[in-house]
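Asker: One letter stands for each residue in the lines below.
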Amino acid sequence: MSLAKTKHIEQPTVLYMDGVSVSFDGFKALNSLSLFIEPGEMRAIIGPNGAGKTTMMDVITGKTRPDEGTILFNDELDLTRYDEAQVANMGVGRKFQKPSVIESLTVFENLEMSLKGGRSVWQALTHKLTGAKQDKIDEILSMIDLKDRLYEDAGSLSHGQKQWLEIGMLLGQEPELLLIDEPAAGMTDEETMKTAELFKELSKKHSLMVVEHDMDFIEALDCRVTVLHEGSVLAEGSLANVKNNQQVIEVYLGR
Amino acid sequence: MKQEIKGGPLTRLIMNDVAGRRMMMIILAIAIIVPFCNLVFPEGSALHVSTYTMTLLGKYLCYALLAVSVDLIWGYCGILSLGHGAFFALGGYAMGMYLMRQIGDRGVYANPDLPDFMVFLNWTELPWYWFGFDQFWFAMVMVLAVPGILAFVFGALAFRSRVTGVYLSIITQALTYALMLAFFRNDMGFGGNNGLTDFKDILGFDLQADSTRAALFFASGIALILGYLISRFIVTSKLGRVLVAIRDSESRARFLGYRVEWYKLFVFVVSAMLAGVAGALYVPQVGIINPGEFAPINSIEMIIWVAVGGRGTLFGAVIGAVLVNYAKTYFTGAFAELWLFMLGGLFVLTTLYLPKGVVGLWAQMKDKFMSSGGGGNSGITTGSSSGKSSDQKTSKEAEGNA
Numbered sequence: 009m010s011l012a013k014t015k016h017i018e019q020p021t022v023l024y025m026d027g028v029s030v031s032f033d034g035f036k037a038l039n040s041l042s043l044f045i046e047p048g049e050m051r052a053i054i055g056p057n058g059a060g061k062t063t064m065m066d067v068i069t070g071k072t073r074p075d076e077g078t079i080l081f082n083d084e085l086d087l088t089r090y091d092e093a094q095v096a097n098m099g100v101g102r103k104f105q106k107p108s109v110i111e112s113l114t115v116f117e118n119l120e121m122s123l124k125g126g127r128s129v130w131q132a133l134t135h136k137l138t139g140a141k142q143d144k145i146d147e148i149l150s151m152i153d154l155k156d157r158l159y160e161d162a163g164s165l166s167h168g169q170k171q172w173l174e175i176g177m178l179l180g181q182e183p184e185l186l187l188i189d190e191p192a193a194g195m196t197d198e199e200t201m202k203t204a205e206l207f208k209e210l211s212k213k214h215s216l217m218v219v220e221h222d223m224d225f226i227e228a229l230d231c232r233v234t235v236l237h238e239g240s241v242l243a244e245g246s247l248a249n250v251k252n253n254q255q256v257i258e259v260y261l262g263r
Numbered sequence: 002m003k004q005e006i007k008g009g010p011l012t013r014l015i016m017n018d019v020a021g022r023r024m025m026m027i028i029l030a031i032a033i034i035v036p037f038c039n040l041v042f043p044e045g046s047a048l049h050v051s052t053y054t055m056t057l058l059g060k061y062l063c064y065a066l067l068a069v070s071v072d073l074i075w076g077y078c079g080i081l082s083l084g085h086g087a088f089f090a091l092g093g094y095a096m097g098m099y100l101m102r103q104i105g106d107r108g109v110y111a112n113p114d115l116p117d118f119m120v121f122l123n124w125t126e127l128p129w130y131w132f133g134f135d136q137f138w139f140a141m142v143m144v145l146a147v148p149g150i151l152a153f154v155f156g157a158l159a160f161r162s163r164v165t166g167v168y169l170s171i172i173t174q175a176l177t178y179a180l181m182l183a184f185f186r187n188d189m190g191f192g193g194n195n196g197l198t199d200f201k202d203i204l205g206f207d208l209q210a211d212s213t214r215a216a217l218f219f220a221s222g223i224a225l226i227l228g229y230l231i232s233r234f235i236v237t238s239k240l241g242r243v244l245v246a247i248r249d250s251e252s253r254a255r256f257l258g259y260r261v262e263w264y265k266l267f268v269f270v271v272s273a274m275l276a277g278v279a280g281a282l283y284v285p286q287v288g289i290i291n292p293g294e295f296a297p298i299n300s301i302e303m304i305i306w307v308a309v310g311g312r313g314t315l316f317g318a319v320i321g322a323v324l325v326n327y328a329k330t331y332f333t334g335a336f337a338e339l340w341l342f343m344l345g346g347l348f349v350l351t352t353l354y355l356p357k358g359v360v361g362l363w364a365q366m367k368d369k370f371m372s373s374g375g376g377g378n379s380g381i382t383t384g385s386s387s388g389k390s391s392d393q394k395t396s397k398e399a400e401g402n403a
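First to last, the protein sequences are chains A and B. Under my numbering, the first residue of the first sequence is numbered 9, with each subsequent residue one higher. Under my numbering, the first residue of the second sequence is numbered 2, with each subsequent residue one higher.
Hints are not guaranteed to be accurate.
Claimed, not checked - Simulated crosslink set (DSS-like; lysine-lysine; CA at most 27 Å straight-line):
1) A/Lys124 x B/Lys239
2) A/Lys136 x A/Lys124
3) B/Lys329 x B/Lys60
4) A/Lys155 x B/Lys239
5) A/Lys251 x A/Lys202
6) A/Lys136 x B/Lys239
7) B/Lys239 x A/Lys144
8) A/Lys36 x A/Lys251
9) A/Lys144 x A/Lys212
10) A/Lys124 x A/Lys71
11) A/Lys208 x A/Lys155
12) B/Lys239 x A/Lys106
13) A/Lys124 x A/Lys155
14) A/Lys141 x B/Lys239
15) A/Lys106 x A/Lys213
16) A/Lys71 x B/Lys239
17) A/Lys202 x A/Lys124
Treat the hints as calculated values from the structure; they're not laboratory data.
Produce the entire structure from the sequences given, and follow the hints as far as they go.
Answerer: As structure tokens, then:
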């Protein structure tokens with residue numbers, strides 16, 4: 009299950025990571041991690057705590073600089089050279105593990121702020137809500153099912169609704185690649201299944217990388233699965249395939 | 002969607018802000034009536050306002066503008082600056098330098114170019130940084146530019162290095178403390194610990210004359226209104242919502258693609274300039290500026306004004322500044338040695354029992370009253386830390402009823 013060491017894979021990739029290593033005080037959080045995601049692909053990432061899932065998202069989104077390795081976005085942009093805001097504006101959206109919406113702004117204001125473009129101070133000061141933006145917000149609202157909470161503070165939403173609002177804010181950014189950290193955490197079973205449906209819908213237009221622990225959720229996503237362990241890829245394949253992998257059972261599933 | 006009052010930018014700004022509009026009307030009325038009563042009614046008349054009272058109220062207006070500038074960064078962007086007094090004092094010094102140059106040869110040593118303290122120090126010529134301050138327009142540019150540039154340089158270093166929270170507070174405190182020590186030195190050329198004083202006139206008008214005092218008072222009121230409107234424009238724009246996003250979740254704002262450091266820098270510079278204007282209006286009214294204005298305790302007091310009034314509302318800052326300073330005037334007269342304890346106690350009590358300040362208390366009582374009485378819409382329902390206008394909530398309710 010090893011990947012090519014240099015970028016001579018035949019197919020185009022939206023995200024290409026090769027030999028990425030990060031260490032914190034001698035601890036190797038990522039150990040020569042190699043992974044690629046094709047355009048339009050949905051990928052689930054699983055692995056025990058400390059496997060490097062969040063660190064992986066940090067290096068992709070410019071929060072952490074890797075010690076070595078290549079990270080390419082759309083086969084050309086070297087993501088290791090940009091910071092969080094730049095990476096976000098290139099088209100990589102990120103959802104945190106803990107829902108992080110702006111609690112004292114309304115649902116509407118949260119979404120309005122997420123809409124693509126107008127990131128400079130001057131543009132923000134002179135911003136006007138156009139019909140096109142309003143339409144985009146309406147479109148997102150119906151996807152995330154928060155139409156009737158439009159003018160309520162985001163802080164008053166339930167945990168699951170906050171998760172959805174944050175996903176909605178990612179959509180507002182119109183990213184090509186969405187990195188989503190434990191979306192189903194704290195959701196009811198029903199909400200979890202609804203979220204899985206939403207992601208399947210999204211994968212028609214975007215590439216997604218979903219980190220999750222909930223096996224039912226992963227099953228519902230019905231996509232390729234990568235297992236991380238100690239900072240590198242342990243196994244990759246269909247869920248059924250991965251589940252029967254002896255090593256995976258030992259380090260992760262078996263416990 | 003929202004039931005906003007349409008119109009030009011200024012119309013919308015004013016008409017969609019019920020509580021702020023009421024307060025601005027009151028301030029405008031005070032800015033007109035107080036000087037009127039001072040100048041028109043003779044001493045001894047029941048309607049006469051003494052020059053002492055007018056000057057005192059003028060000080061409060063300057064403090065209120067300063068409080069608005071603090072609320073802009075702390076209430077909306079979460080930047081707890083414990084050194085905002087530095088920008089106030091620098092604006093004050095810029096004005097003080099102009100007033101010193103206006104004295105001309107009427108000083109004790111009758112030197113037409115050098116202020117008295119320089120003659121006293123045996124200086125023979127004016128330091129380069131005093132050039133231009135004989136021109137009013139130049140001094141006014143400096144009132145904005147000096148605090149603005151300092152805030153820009155300091156902010157660029159701090160925000161780009163992502164210094165936040167308590168660390169930022171500490172270095173802002175260090176900034177004002179360092180400036181205080183520097184300004185205490187005679188060879189800095191700002192009058193050492195005596196500061197700048199003995200002012201004679203401004204734009205040719207005698208500073209001791211009631212009419213000049215009245216004009217300065219009026220100017221302070223107008224400056225407060227303009228400062229409020231500028232701040233209100235910023236916080237109600239999308240930029241204001243980005244500031245709130247930075248306050249509530251800085252990393253979310255970053256991952257949404259906003260350059261957090263530029264936003265912080267913008268609002269920090271605007272705030273420093275407003276503080277500078279407040280200082281410039283303060284100095285001719287109190288007649289002196291000295292390094293004591295840089296004292297860290299002053300900057301901490303400003304935070305208390307805003308906390309007491311209600312953080313993140315702008316008009317709450319105005320109310321807080323006036324209330325606390327009125328209390329200070331009263332108590333430092335009556336029980337001088339107790340004042341600092343009372344100030345500390347006030348801050349603790351506000352933090353514990355009035356997290357949204359006086360404005361929030363008002364809103365709570367209104368809510369109680371309304372839920373028992375039913376119906377009716379108060380202008381002040383905000384008090385919420387988000388700083389969104391009461392009218393937005395009103396429109397939400399209206400929508401609910403529709």
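Asker: Among all the numbered hints in the text so far, which are the ones the structure does not match?
Answerer: The structure conflicts with no hint, since it agrees with every one listed earlier.
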